[in-house]
Amino acid sequence: MIACARVWVALGALASCHRGEPPVKTERPPDVKPPAATAKVEPPTPERVLQKPTPNAFPPCPGGGFSFELKGLPQERVSERFGSPAERETYRAGDRGGEFYVGIENVYPSKIPANRDVPIEEWTWTSGECILTVWFHRVDGVWVAFDDIYRNEDVAF
Amino acid sequence: MSHATKDTSWCTIGIDTVAGKIVVQERWQYVWLLQSSRLSRWTLAEKQSFHARAGRAIWNAWSNRAMLKVDGSSEFAKRFRGREIPVFMDLRWVLAKPHWTVHVTKANGRDVFIKSRVGWSARVIELDTNDFMEREKCFGPPKDLCVAQIPVAHEFGHTMGNIGAVHKGRSDEYNEKSLFAEDLASMMNRGNELRDRHFNHLIHELSGMMADTVFSLGRLQ
Numbered sequence: 001m002i003a004c005a006r007v008w009v010a011l012g013a014l015a016s017c018h019r020g021e022p023p024v025k026t027e028r029p030p031d032v033k034p035p036a037a038t039a040k041v042e043p044p045t046p047e048r049v050l051q052k053p054t055p056n057a058f059p060p061c062p063g064g065g066f067s068f069e070l071k072g073l074p075q076e077r078v079s080e081r082f083g084s085p086a087e088r089e090t091y092r093a094g095d096r097g098g099e100f101y102v103g104i105e106n107v108y109p110s111k112i113p114a115n116r117d118v119p120i121e122e123w124t125w126t127s128g129e130c131i132l133t134v135w136f137h138r139v140d141g142v143w144v145a146f147d148d149i150y151r152n153e154d155v156a157f
Numbered sequence: 158m159s160h161a162t163k164d165t166s167w168c169t170i171g172i173d174t175v176a177g178k179i180v181v182q183e184r185w186q187y188v189w190l191l192q193s194s195r196l197s198r199w200t201l202a203e204k205q206s207f208h209a210r211a212g213r214a215i216w217n218a219w220s221n222r223a224m225l226k227v228d229g230s231s232e233f234a235k236r237f238r239g240r241e242i243p244v245f246m247d248l249r250w251v252l253a254k255p256h257w258t259v260h261v262t263k264a265n266g267r268d269v270f271i272k273s274r275v276g277w278s279a280r281v282i283e284l285d286t287n288d289f290m291e292r293e294k295c296f297g298p299p300k301d302l303c304v305a306q307i308p309v310a311h312e313f314g315h316t317m318g319n320i321g322a323v324h325k326g327r328s329d330e331y332n333e334k335s336l337f338a339e340d341l342a343s344m345m346n347r348g349n350e351l352r353d354r355h356f357n358h359l360i361h362e363l364s365g366m367m368a369d370t371v372f373s374l375g376r377l378q
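In order, the protein sequence lines correspond to chains A and B. Number 136 in the working numbering belongs to position 136 of the first sequence; there are no gaps in the numbering. Number 260 in the working numbering belongs to position 103 of the second sequence; there are no gaps in the numbering.
Just so you know, these hints were derived from the structure itself, not from any lab. Among the clues, some could well be false.
Examples of chain B residues lying across from chain A (beta carbon under 8 Å, computed) [said to hold, decoys possible]:
1. K272
2. W277
3. D329
What you are looking at is a predicted structure, and each value in this text was computed from that prediction instead of being measured. For every residue, glycine included, the Cβ atom is placed at its ideal position computed from N, Cα and C.
So here's chain B without its partners, still in its complex pose:
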């Protein structure tokens, strides 16, 4: 398998130039926390379970959804012109040299929500054990409407560069000042659906990885 790789400050990008696919891997180093001292300490099994569930949730939400197009005069571009290049997301649990330091809080109960968040410059992610459960927000009147989201997938979206520190105005889309505040179903708003714009920073990172090769988003599935 032939690869072009790029290690950025937030992920490692690998382009499989034979199979025609892209893998985005984030190295996560965990810090395990408790919401209260009443809770039992994290066991290894619990830690492994958290990592596996985070990986699955992110895989389900983000992997094999964006199909990229390639153009240019490189051998790779010529070979894959007109074909779809899928993007896969992967988490790697590391004990040193992370892209992201991930603070995970064991929550007091299943119905307690802790503000999950991403600090871009510090490369810190704050998560909790309820972040795999669909969180529903209901609105109305006049129309009764509920929108659901899996928080860990939303926060992962911030680590993909959907954050004001990278692109002004491209942070939380539920902010009333956001251009996309009305797009409630969007992953970076209150929903679970991806949008083309959510891959802009990745495509920016891909550009320049291979000479004479230009990537763009073909479609989302």
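With the rest of the complex left out, here is chain A:
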């Protein structure tokens, strides 16, 4: 809360204080409407280029969670919807195992040794007690989602 309050002080009305506010920059800035001629033009700040989630991007997350069915969406589209992720990880498919990562096993069965070297990107967002994780792989040079899960923080896999 204190950190959020500080952001408010520093940025005035520019920043919102959602707990899931993405703290990192994205490569592509969001679409910003041009200011009206009479409006005061404020200088761009690093915070301006943060990708913000669309309204209601993170609904309540009771129960055991669900998938947003993001399969096939490129990273840009996912960022547009959910904002910039709080965490980004890159690893080899063979480096992770367990029920949480079973979507990787579906696409890249680890019994085939070559699959274990496939690079995976994992993005995570946190909004209150809700957590979204999306997994991406590279298809024709584009990072595309192939699995996702949205759940309460008390869910275990």
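Since chain A is already given, all that's left is putting chain B on it; use the hints.
The following block gives chain B in isolation, referenced to the frame of chain A:
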């Protein structure tokens, strides 16, 4: 048969004070789901088969494995001091008043894995029809290593309190931040082997059930 029983929010624990054994029973109320509309609706026989297979898999993985010790000044403690008290796990299919609501998804095929999971506060378990099959994960190089697990047995472990909501740091042990991330063969990691720590929450629940009686884990078999 003389019993001491305790109904918790996640199970009913019964202590048979004559035979010296403990039964942990979870009441499961099912919600039957389909992964796609192409699949046929669940038949009663399929539902019964699922429940029976879940019960067997959990029984095989968890029952008669933990041998408890008892100490204290109660009659029960005196009678069973130095003896092993086995713990048995049981599932009961109910239509109301469950400990757990269990969503079971009929999967599209035998090689499709759906993320099975447990929501502690909601008392929800998400399972699918492939959760009885051993799921293998292979690693390497440098060393080629495969570890297998039966998912329904792993998820049952979460319902036994091996979950971060109950004990911080005691959730999925395959998480890189887990203290037990290297213990690949562990049931709560990627394997099928039980560890002493997996019974901590049960022993916590047992404490206080009977006056002047203290339970602890003797050994695993």
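Do the hints match the structure? See the list:
no., hint, in the structure
1, K272, "6 Å, holds"
2, W277, "5 Å, holds"
3, D329, "6 Å, holds"
The structure agrees with every numbered hint stated previously.
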